[in-house]
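Asks: Each chain is listed here by its residues.
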Amino acid sequence: MSGHSYDAEKYWKANLRLIFGSLIVWALVSYGFAILLRPMLSGIAVGGTDLGFWFAQQGSILTFIGLIFFYAWRMNKIDEQFGVHEE
Amino acid sequence: MSQFAINIIFVGGSFLLYIAIAIWAKAGSTKDFYVAGGGVHPITNGAAIGADWMSAASFISMAGLIAAGGYSNSTFLMGWTGGYVLLAMLLAPYLRKFGKFTVPEFIGDRFYSKNARLVAVICLIVASVTYVIGQMAGAGVAFSRFLEVDSTMGLIIAAVVVFVYAVLGGMKGITYTQVAQYCVLIVAYTIPAVFISMQLTGNPIPGLGLFSTHVDSGMPLLTKLNQIITDLGFNSYTADVDNKLNMVLFTLTLMIGTAGLPHVIIRFFTVPKVADARWSAGWALVFIALLYLTAPAVASMARLNLMTTIYPEGTQAAPIKYDDRPNWVKEWEITGLIKFTDKNGDGRIQLYNDTPAFQDQAEARGWKGNELVVNRDILVLANPEIANLPGWVIGLIAAGGLAAALSTAAGLLLAISSAVSHDLIKGSINPDISEKGELMAARVSMAVAIVVATYLGANPPGFAAQVVALAFGIAAASLFPVLMMGIFSKRINNKGAVAGMLTGLAFTLCYIFVYKGWLFIPGTNNLPDNAANWVLGISPLSIGAIGAVINFAVAFLVSNATEEPPVEIQELVESVRYPRGAGQAQDH
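For the record, the sequence lines run as chains A and B. Count the first sequence with UniProt numbering and you get residues 1 to 87, in order. Count the second sequence with UniProt numbering and you get residues 1 to 588, in order.
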């Protein structure tokens, strides 16, 4: 790679932004909805219990899968955009 | 045909399958399969990672812990999946670009220091051996039941099988064998769950059945379960927890531990391209989620089935007579993992939560204490028997449980032995060691690891999944922070990394040993392992996250107080950030 070029820096910043955004969602569904915010969501019933319980046992896992595929897809686009993708 | 014979056929058959695939794969091009370099698709690699990853803890132990703890043990589900998000975004693509084969090697090169590499080897060994203890505990339970011996004998048989399996070994590296193991374990886990979900809720998808209506009572399944267990003095299954701090820290520990465990990271070194490392993490999680979305259903349904077996006429009527106990209780009594003591001499099995709050009710019914002790690690294995499923389903789950335990234990032993022979001996003590000597060192270190793990596995410091959770805490506190900082910061230098790893590891181990016994030797703990004695209510299982924070902080402070890393190291960090130019992963 061509060291400290302007584009390289922008590429890395774009990656960091994407990671940061993804990790906010990651934390929100697990530490948020499933644990700390569960009492606030207790009014929303899901099959004999509440939404927080669903997030804790299934919802967060489904979100994680979505996040990784989203990241991989976006990042591959960014790779191409900055011309750092592999041939 | 006896159940014993069926079990032998299924377990033996699955082993023959793995060996056959290994031979077939070798007959092709050894290098392709072994290094998994040329053209292994990310989906295939994902399934292989799934088999590597899901161990006795996931397969045998986890649902039992969720069944016992309900909502509060959802931590295992989130923790062991959420780590893949961190892997995909923070580690895997960059380590793939770096293109070396072991984790200590990356740490040694990035921090331009033999000492850093050695400390990484120590961290790796401590985390991996702890992990193997958990596998041995789980495999021991499985063998004791299916070979109908007591649990110590089961453990010893498991140790011998794991050792032979790991030494035969290269087998482990073959992606397609692991794909086969994944198939065996996922089929074995899912089929009984589908049957049971159909019986209880009429919904063939267990993950949906969990939130459906219980056919017999017309109530939602979880409502029915809550009603039964609270009638017997247990906590409600879906109840919220008071100690949210501990729950958050425990989940975080499992997540960053997942991202820091060397035997999982290694899998990402061998994909063809950096982009594939990202996709592989996603596919791995898809395959893992197939089990993890089913596990909470297995947990709640098994708990419900267990309670209705003991109280067939409802919780307000008398429980079953000991003489009328179902066959599976008798079988598991042989292993010593179910114990019955008739405390009030009425010949019936009273299963309830023996707490002061329930004292009055228990006395009114003439109960003199809980009479049935069920080891939580047996729940998944006993599940098909509790639900009266046919013999072949029981044989299948035996094969699945062993596939899970063996594939992971063998992978860990290989990680340990390569750390000792490649990183420790060849990398620093004796660089001129012959290939033969290196192989010998690898085998000896495997044997030592397994003896230690078996000895400690006989009196494990918790149920299989809990022991494994300790290993995650150790990996979280020692390896993850330096790996991440090695990529995301150019400023962290050799001194910072070494100081960070050592303080993170020492802090975490000390906190664990104070409650679990020094070196996990029973009876050597300084404080009783219960919530009243934990600092701020943080359990030893959750301490890894704090250890990681300490590791980050120490590495940062020490690095800033000392000199910058050399220019070529800063350029190395720069280069791992950009995918272009990732060559083939090199063999070592």
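Hints are computed from structural coordinates only; laboratory data are not their basis. Treat the hints with care, as some may be off.
[Said to hold, decoys possible] If you anchor each label on the Cβ, the simulated ranges turn out as follows: (1) Lys77(A) - Gln570(B): 21 to 29 Å; (2) Pro522(B) - Pro39(A): 37 to 45 Å; (3) Leu557(B) - Phe20(A): 50 to 58 Å; (4) Asn76(A) - Pro326(B): 48 to 56 Å; (5) Gln81(A) - Met440(B): 45 to 53 Å; (6) Asn76(A) - Ser575(B): 15 to 23 Å; (7) Glu87(A) - Pro522(B): 56 to 64 Å; (8) Asn76(A) - Val187(B): 27 to 35 Å; (9) Leu23(A) - Ile433(B): 54 to 62 Å; (10) Glu86(A) - Ser489(B): 21 to 29 Å; (11) Asn76(A) - Phe101(B): 20 to 28 Å.
Cβ atoms here follow ideal geometry from the backbone N, Cα and C, with glycine treated the same way.
Asks: Among all the numbered hints in the text so far, which are the ones the structure does not match?
Replies: Numbers 3 and 9, in rising order.
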